[in-house]
Amino acid sequence: MTTTTQTPAELEEFRLRARDWFAKNAKRIDAVGDDGSEEGENEDFLAIARKFQNQLFDDGLAGLSWPKEYGGQSMTMNHQRIFNEEASGYIMPSSPFMVTLGMCAPTLLQYGTETQRKRHIGPMLRGDEVWCQLFSEPGAGSDVAGLSTKAVQDGDEWVINGQKVWTSGAHFASFGLIVTRTNPDVPKHKGITMFIVDMKAPGVTVRPLRQMSGASGFNEVFFDNVRVPAANLVGEVEQGWMAAIGTLMNERVSIGAGGGGLGRGSGTPQFDRIVELATRVGKMNDSATRQQIASIWTKERTLAILGDRMRSSLKSGKAPGPEGSIAKLAGSELGKLVADLGMELLAESGQAWTKDDEESMRWATTVLGSPGGAIAGGTPEIMRNILGERTLGLPKEPQLDRDMPFKDIKAN
Amino acid sequence: MTTTTQTPAELEEFRLRARDWFAKNAKRIDAVGDDGSEEGENEDFLAIARKFQNQLFDDGLAGLSWPKEYGGQSMTMNHQRIFNEEASGYIMPSSPFMVTLGMCAPTLLQYGTETQRKRHIGPMLRGDEVWCQLFSEPGAGSDVAGLSTKAVQDGDEWVINGQKVWTSGAHFASFGLIVTRTNPDVPKHKGITMFIVDMKAPGVTVRPLRQMSGASGFNEVFFDNVRVPAANLVGEVEQGWMAAIGTLMNERVSIGAGGGGLGRGSGTPQFDRIVELATRVGKMNDSATRQQIASIWTKERTLAILGDRMRSSLKSGKAPGPEGSIAKLAGSELGKLVADLGMELLAESGQAWTKDDEESMRWATTVLGSPGGAIAGGTPEIMRNILGERTLGLPKEPQLDRDMPFKDIKAN
Amino acid sequence: MSVMSEEREALKSAVADYLDSTFPIDRVHRIANGKESVPADEWSKAAAGLGLAGLVIPEEFGGQGASLGELGAVLQEFGRTLAPLPMLSSAALGTVPFLVSTDNAAKKPFLEALAAGTATAALALSEGANQWPALTSGTKATKSGDSWTVSGKKTFVLDNGGATFYVVSASTEQGAGLFVVNASDVQREALMAIDLTRDQGSITMNNAPATPLALNADAQLKQIEDLAATLIASEQIGGADAILKMMVEYAKMRVQFGRIIGSFQAIKHMCANTLVEVEQARGAAEDAADKAAEGEDITLAASLAKIACSEVFNDATLTNIRVHGGIGFTWEHPAHLYFRRARSSAALFGTPDQHREALLVGLGY
Amino acid sequence: MSVMSEEREALKSAVADYLDSTFPIDRVHRIANGKESVPADEWSKAAAGLGLAGLVIPEEFGGQGASLGELGAVLQEFGRTLAPLPMLSSAALGTVPFLVSTDNAAKKPFLEALAAGTATAALALSEGANQWPALTSGTKATKSGDSWTVSGKKTFVLDNGGATFYVVSASTEQGAGLFVVNASDVQREALMAIDLTRDQGSITMNNAPATPLALNADAQLKQIEDLAATLIASEQIGGADAILKMMVEYAKMRVQFGRIIGSFQAIKHMCANTLVEVEQARGAAEDAADKAAEGEDITLAASLAKIACSEVFNDATLTNIRVHGGIGFTWEHPAHLYFRRARSSAALFGTPDQHREALLVGLGY
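Chains as they are written, first to last, in this note's numbering: chain A, 1 to 412; chain B, 1 to 412; chain C, 1 to 365; chain D, 1 to 365.
There's no promise every hint is true.
Unchecked claim - Label-pair ranges, simulated between beta-carbon atoms:
id, chain 1, residue 1, chain 2, residue 2, range
1, B, Ile245, A, Met404, 45 to 51 angstroms
2, D, Glu36, A, Glu12, 56 to 62 angstroms
3, B, Ala9, D, Glu332, 42 to 48 angstroms
4, C, Ser137, A, Gly267, 39 to 45 angstroms
5, B, Glu10, C, Ser137, 55 to 61 angstroms
6, D, Glu36, B, Thr115, 32 to 38 angstroms
7, C, Glu36, A, Met361, 22 to 28 angstroms
Keep in mind that the hints were calculated from the coordinates and are not lab data.
Ideal Cβ positions, reconstructed from N, Cα and C, are used throughout, including at glycine.
So here's chain A without its partners, still in its complex pose (with noise of 0.2 angstroms):
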């Protein structure tokens, strides 16, 4: 992040550039909840959104403080801010690109090589290259150090072997930032070592994960002696916990900080949504409803305000606090208030419904969804202990596993 100085009459221009740019090349959002986050992530939506990214690159407009030799712009996050007020109220089709811009780049820019650096960036801001994330497994899901897939040195090459899995845009993904157990000798978070992977290498095998809901933006990834040139490696041997660590913070800050303009705008979505609902089935006189309705409005508003403050705090140079583990807490309560209240007021309608009442079909998709969300990006309980330990200060659990090799822990 470069952090010249700039005067508020180049902001004022950069701001018109942008605003400019916007009523030229993006579509308002005018349908209620149509945030354009909801359209999944299929190789239609991948085609739009590569279109737009590469108009935004060609445009100047990406990766605004990222270096000028990288591809970036090598502005200030006062760019950064002022791009993402202007883009609040349009559809940003940039879903696809948020674990490429979100997660992998930053990490890349912090850990990997130089020559890495040069050959990715570019296409990820261009949106020429989609990352994945190659981090959870089924056996280390809230445990993610206790990863057990393998990498094996073999002469100028390494050799993958095991099972990733909730692995987004891993089926249009050209490359992959995969963490690797290689050394099972010493404590767990000391043997991991991060790559990054060719997605079109003989031997990975991506299967579509489907959900409850039916949607499947996740995939289970298998690798089956994938071959990686040691130029992959990114950061030391042994030394991929702490990149790991870096990518998921970037995550929950991207997560938090509305994805680099993927932010919700300044509106109550659901609010406006349940009332809706709530005026045709004749319920916005009952005060048992009106108190749960009230009560969303609430809980959307104050997570626009936390939004706000997180926002303000990032950009007076403040270190990013616990926000985005308290947005994620507050936002899968609301999800399930929500989710909840839709079906009280669906009543049988909200179960069983006609083809063409279309309604009823998104409120099922919304309580069916909303097990997932809380669970995806962390378990509620996993966001308390991060809260509990390093924004309260609190005692860890005794860890049985912390000091041992990971060979001897216990293991599913």
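Could you slot chains B, C and D onto chain A? The hints should help.
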């Protein structure tokens, strides 16, 4: 407990006898919420309770299922059940004897010497001896086995030093069951010994412990070189933990089963009380209020059903299950619901009132009593541990102190 | 913490054995996904073997003459296994209206067919969402000579696709009536349903020939609604109990951070809270079923059971997914089948909010 | 996660130092128990030293001319310490009506006395429980010649016992009005209060001489209610934050089962949940105070703040007792002082339920 069979006619005869006795000797519950349990435990109330218990004993209705040789009636659990059924609807001023008869006497019956039983059980049943239970300590609350009150043998006596807390009735008790640490060099559960202690002995100081509500049913008890004859040992030296667990389980069954007749009957007193309040403040037509009032009814009824099922289960000879802990958790949830709704309905007058407004005063007492009600007798967290580990069979947490000599354990 | 009689336990256990061997959850999952189907004669075999189809049908009509308490116990097992047989829809909901009716001649042929398992009944009361107890105003029954016909539309009918005949409420010139209509005389429409293990649909009747079961039947209809709430609650508590076991089993097996996750208080307490809710709701469900068996007024007990069982089933199925973490919200895991069933059942025969309101009315407020 | 300016942080910190040294919680506890009393000149000393009494009074009237944002920050510190000084009652609630009024001549003497700390004001709006926003119908103001008198009764007045004068709402022939009435002209009655750290009472006025601050003042009264909710919310969030710190401190120190109890997930997650609530409510409280400082319409923001801060303060004070276990519900422990304050503040100037209803109305529904 004797298990002699009895004919239906004998039981019916007993029922009529009990019914007759209550009609002659007890007062009917007529005021809403007045189940006799809120009258506190002062000396006046003790005199009333003692008179009542004397009469019960003299008329052969105390200790129904306990052995005749110690002053009981050697009847069956069916007699006890019938007695309890007949008791419902009457005020039972038995609370000063709950600890004595529900916890201490059963422990003496199981672990005491023949001399101890002959000496104490009769006077306990007659209401002449009130006992207290000296388990909790300031440093050992949820972790009762972490107690540090010491007992050291000195010839034919033991010398006790330390402090106990949360002792109900210590200010009018003649005797107490105390658990002490007699060996700090073995793991914590293994160095505990139980004694009978004369509460009037030199060196025993009882200090009432005022609760946040202003009530003071509990005490702190200090032991300063209190000498106890070796004959007062209950069970074996260093085998006191098992006896203590027994006492605590009796407590749970006793509370759960309605404490030998102190059952709350089949009514819904909290519901009745909240309906009265909601009616008075004109909220009985407000649907948000109605939903909550109905929830109070459902929880109260569910608790009553739980109690009935527990009694039938005990009656049919099954071992007591997790009902005590379940009822305690459900009961404190109900308490919170009632306190919260009461405060919302009273609005400003729940937090300030004129001297003659006894209703507001009573509500304030409810609100201020509710946090303690949830904690006393075991916190919700401990209840959940018990249910999770004993009932569901989930593994215990890593216990760092389990096999460590007591003196090496980290303490407050 | 059950207080069932030994005979009832024995029946429950026989049904459990049959369901566990015939409909293990993997098979239910395949059936839900349309990869396998239930043999057409499975129900009549179960009827012959365990007497499930005619469980509460009096012996004089070929049934077992068991009480509603037994029916509740059996429904718990169906709820536990999600077995795709019309136990709730036909042997419970579709059958109780006949028990409520006093017209022996009218009900005889239907009950005999039901008891044999050669026919299934479906209860068709609802005329639309957010109306509970169900209205009858949208369905008219008309008498012409000695015969009745019914016209109108009913919806949210369980196991609609397989029903042989329908028990339909309708308005007549003398208040509400209860009629039987053959499936061949109605037009069926399938609904999309959140519950993948039980089909649901609506029927349209245009002057469909109908056999009257009861006329001037407002009181009977109320009784049927109460029984329906009680019976579905029994099924719900069975599901919730299965889910409690599922989460506990996973919590005892899954390792993270070098420990069995059930040793973490967060997980342990989620399980304990579910246990607390389950035991309370079980009490409420069995209390209602027992009162129904005794012929007592179950207005309050039914509402209590439906509230408690809906809430615990909803809560437990969500908690179970939380305990499982990622794997719990995949399509392949059976957790969502129960999650879906819970949300469906909670909405049928009165939502918790509707029953709470009904409780206060029933209590005179 | 505060986003306060440095100046505001400095003021907050100076006030914190003063309160921590002058009113440590042990002393507050003794004062609450009547074992010690606050020196009569403490408030005027604080007024002279830190300028607390006249914090938001314009400089032309002898005050500091600070914004409502600063006032909110200072009130957080008073909420944190429960300091028994009339900061909320007089310097906040008793002062804002004067800021809303445009009658400079009328307000001058009162504001000067307030700023000097030689007088304290009390806001007397309420005429009874369960009426929010407060009615004025029970209090009549009558003009005779050039002078006004007020008759009626007001209640739930904070720091009633020490007030020098009252700001009273009353009905006049032309709508609602706002008046100042001297304490010497009213009859005071103390109320029993759940909050032991702040007295509360009612006043009866019989033709009490009154100075009008605003007539036709319905809009101003609404504004004062919104400001009152915002200001008490600032105090509440300070209290909740103190309680979060108290529970965390105890959880880091107390040992059971050979472990610091804060290492148990049950305790850790209680603390984390409180943190989550506190940070959200802090955002809501500061957002409302900042909007008020900017002169924006705070109808919605004030309700949001009052709801969030009431709920977190109530929840946190209960959780804190749970974390403490037995010791937490003893009289000697300060936990209950906050528990009591929380329940008092939640009920004043609109309960959470009342504000939720108001929010929907404010949003046009």
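Results of checking the hints against the structure:
1. Ile245(B) / Met404(A): 45 to 51 angstroms: 34 angstroms, violated
2. Glu36(D) / Glu12(A): 56 to 62 angstroms: For Glu12(A) against Glu36(D), whose Cβ atoms are near 59 angstroms apart, the range 56 to 62 angstroms holds.
3. Ala9(B) / Glu332(D): 42 to 48 angstroms: 58 angstroms, violated
4. Ser137(C) / Gly267(A): 39 to 45 angstroms: Holds, since Ser137(C) and Gly267(A) (Cβ atoms, about 40 angstroms apart) stay within the stated range.
5. Glu10(B) / Ser137(C): 55 to 61 angstroms: 59 angstroms, holds
6. Glu36(D) / Thr115(B): 32 to 38 angstroms: Hint violated: Cβ distance 54 angstroms, outside 32 to 38 angstroms.
7. Glu36(C) / Met361(A): 22 to 28 angstroms: Given range 22 to 28 angstroms: holds, Cβ gap about 26 angstroms.
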